[in-house]
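Residue numbers (the numbering used here), protein chains in the order written: chain A, 1017 to 1247; chain B, 323 to 849.
Hints in this document: simulated from the structure, not taken from any laboratory. The model shown is predicted, which means the values in this text are computed figures rather than measured ones. Errors might be hidden in some of the hints.
[Stated by the list, open to error] Heads up, simulated EDC-like pairs for lysine to aspartate or glutamate below, C-alpha to C-alpha not over 16 Å straight-line:
# : chain 1 : residue 1 : chain 2 : residue 2
1 : A       : K1164     : A       : E1208
2 : A       : K1227     : A       : D1036
3 : B       : K746      : A       : D1036
4 : A       : K1227     : A       : E1020
5 : A       : K1114     : B       : D759
6 : A       : K1164     : A       : D1129
7 : A       : K1164     : B       : D759
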Amino acid sequence: MGIELDHILLRLGQFQLTADLQFASATTTALIGASGSGKSTILAAIAGFIELQSGSIRLDGKDMQNVPPGQRPVTMLFQDYNLFPHLSVAQNVGLGLKPSLRLNKDELGLVKDALARVDLAGLGNRLPAQLSGGQAGRVALARALLRKRPVLLLDEPFAALGPAQRSEMLDLVSQVQVEKSLTVLLVTHLPEDAARIASFASVVANGTVTKPVATAQLFADPPPALRDYLG
Amino acid sequence: MDRRFGTLIMASNRALVVLGWTALALITSVSFGSVLAVAFVGDWNHGFPIGALSSLRFTLLQAGISAVICVVLAVPLSRALACRSFVGRRSLVTLLGVPFLLPALVAVLGLLSIFGRSGPVSGALVYFGFQPLNIYGLPGILLVHFFFNLPLVTRLILQGWSDIPSEQFRLAAQLDMRGANFFWSLEWPMLRRVLPGAFLLVFLLCTTSFAVVLTMGGGPKATTLELAIFQALRFDFDLSAAAQLAFLQVLVCGFSVLAVALVQGKSAFGTTLGSFHNRSDGDGTWRLIADCVTIIAASAFLFLPIISILFTGLPALISGLPNSVWLATFRSLLVALTSSVLTVFFSLVIAQMLNTRQDLKTRFAEIASYLPLAISPFVMGTGLFIMINPFADPFALALVVTVIVNTCLCIPLALRGLIPAFAKARQRYGRLALSLDLHGWTAFRVAFWPEIKQPVRFSAAITAALSMGDLGVIALFATPDGGTLPLLMQRLLASYQMDAAAGVAALLLILSFGLFWFIDRGVRIGH
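My request is simple: use the sequences and hints to build the entire structure.
What follows is the structure in structure tokens.
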């Protein structure tokens, strides 16, 4: 599912951000930029948490104006608080199927399969507090799998993980992306994360977003904004 | 943050928002209605009623002295607790919350049993050839107010101490700061920030003190406005005088609340255990001795009266109390539980409404919900009396009026816990809930309830306990055989039936703390 940002203008207090670009369907694009540059703001707008000042966002050609976040074809993984602490792992995943959590046998099976897919088989009864950071990320990813939304937005959900676990999670995202033909946007401030799984990358700086180009090419010949950031 | 974010979650349920505004309108009309009622019913053509100005003077005097004594003496106590580590320190700090829940009359009886004419302190004085203590009048009122507010202020200052980053203490140690240097650079800035708020809070609480003044004071020399309102309405049946006195009381409380709001931040009812600082300046032997004496003396002062009540009251309670006690107990439980349920219900609908959006209207609503703080119980009681009188017999509605007043007064307390809890839940899980398309009841159950359940329980518990032990407007309205347990206790005290009074005191003590414990903790165990 392609993502079109058609001359959008976002405003949060004093901060302004404009964007006019498209992310191709079934690709992974990294949004690179310094903290405070507005990377997360873009994702929040696509997910429907922030109103546009002007312009429009289209997913698969459909205008998202007036579509509430829960009904957009989008799943977002946040930096933190992706899981409800009082619900078990299986319940947290089950929310992706039915908010009421009244799951029938088939649906419980689907939850099990999703947990197995992210290598968490057998941990369904645990509470989030009993998981490592990497495992918690996997639970959120398992839920994203069940929701079957074609767009996956990652707002640095693995930022708190160590390098090895982070790479592992990124590889898992990459596999899932290919399997389900997802359109993935990955916010990161680490060039190596972008290089690892994103075929395309955009730079967020100076209140705007550059059009995505092949990641390798971007790093080979960085534009001035990225050069300043990379140092 | 972006507005849609909050709105979408709950505003899908318009009924809830309407309910919130209705709850707010009820509170505001009881509060404002009372002020208007007393303003218009008072007959101002003949000036103030006799004794009004001396009541006003005494109200301000006793509240001012109480606040000064509490603040001055709470500083060394909280300092000792902040820099000494000993077995039972945490429990002691927790127990400092006990007097807040103690029914006023129970405290009065407890303190009388220690400091009264036949108490051990007087006994010792007589033994050494002095006069026994006579604590009725101003000294007694100050003593009880000190008993109630010392722990409150101590906890506030303790919070201030634990808010000083431990790096600052380490820095001070590295720079070898001691004595006055240490005080002026670390402690004084904190005290200067905390003490004015603490002073005003105690002042405000003491201006509305009724039960204490009724039992320890009275007479032309020791009558507060609350007591004067009670006497005007109950004994003289002079509605105009009561209304005039109530109007004065509105001014006193209004200015105090305004001052509190201007001076202090949001930590007025802070309930920290107070982290312990390993400080470099507490090494001197004299400091150690002084701290020990302070802690032991304060503990004895705060807990001996309570223990004494249990010792004298339990035998009377076990050997049997008159039937009127059990009827009054039933009425008190009814009042306490109804007030508790209503307070939680109204606070919840108001808090969730304030949570849905952040604009001028909700800012106003939040301020309006704190309005009852500026209206004392007897002002509200007088106001309700004036409003009900044309339509029904206020005396027949004694319990209903008591429940209304308790609920209005406890809602601001409940909101202090609920509003931040709702905000925290929204900040953490608002987006997640939205993106998972949770709304209405499911959003409440999954995203909000786990975060707010503890403050809800705490509010319910504290309202029930306070309503159980409160002797306030019920005294204004109740018929001789229709009162609550505290009112019955007051009547026993007034007729010098000390054994029965002690038995009722023990019963009140057990019921207040039992209710608090059961609602705040006990239910949790059942989960």
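How the hints compare with the structure:
Using a Cα cut-off of 16 Å, the hinted pair K1164 (chain A) and E1208 (chain A) is violated, with the two alpha carbons roughly 28 Å apart. At most 16 Å may separate the alpha-carbon atoms for a hinted pair to count; K1227 (chain A) and D1036 (chain A) meet this at roughly 8 Å. For a cut-off of 16 Å, the pair hint linking K746 (chain B) to D1036 (chain A) is broken: about 35 Å separates their Cα positions. Restraint check for K1227 (chain A) and E1020 (chain A): satisfied, since their Cα atoms lie roughly 11 Å apart, inside the 16 Å limit.
For a cut-off of 16 Å, the pair hint linking K1114 (chain A) to D759 (chain B) stands: about 9 Å separates their Cα positions. With a C-alpha separation of about 14 Å, the suggested pair K1164 (chain A) and D1129 (chain A) falls inside the 16 Å cut-off, and the hint holds. Between the alpha carbons of K1164 (chain A) and D759 (chain B) the distance comes to roughly 14 Å, so the proposed pair stays at or under 16 Å and holds.
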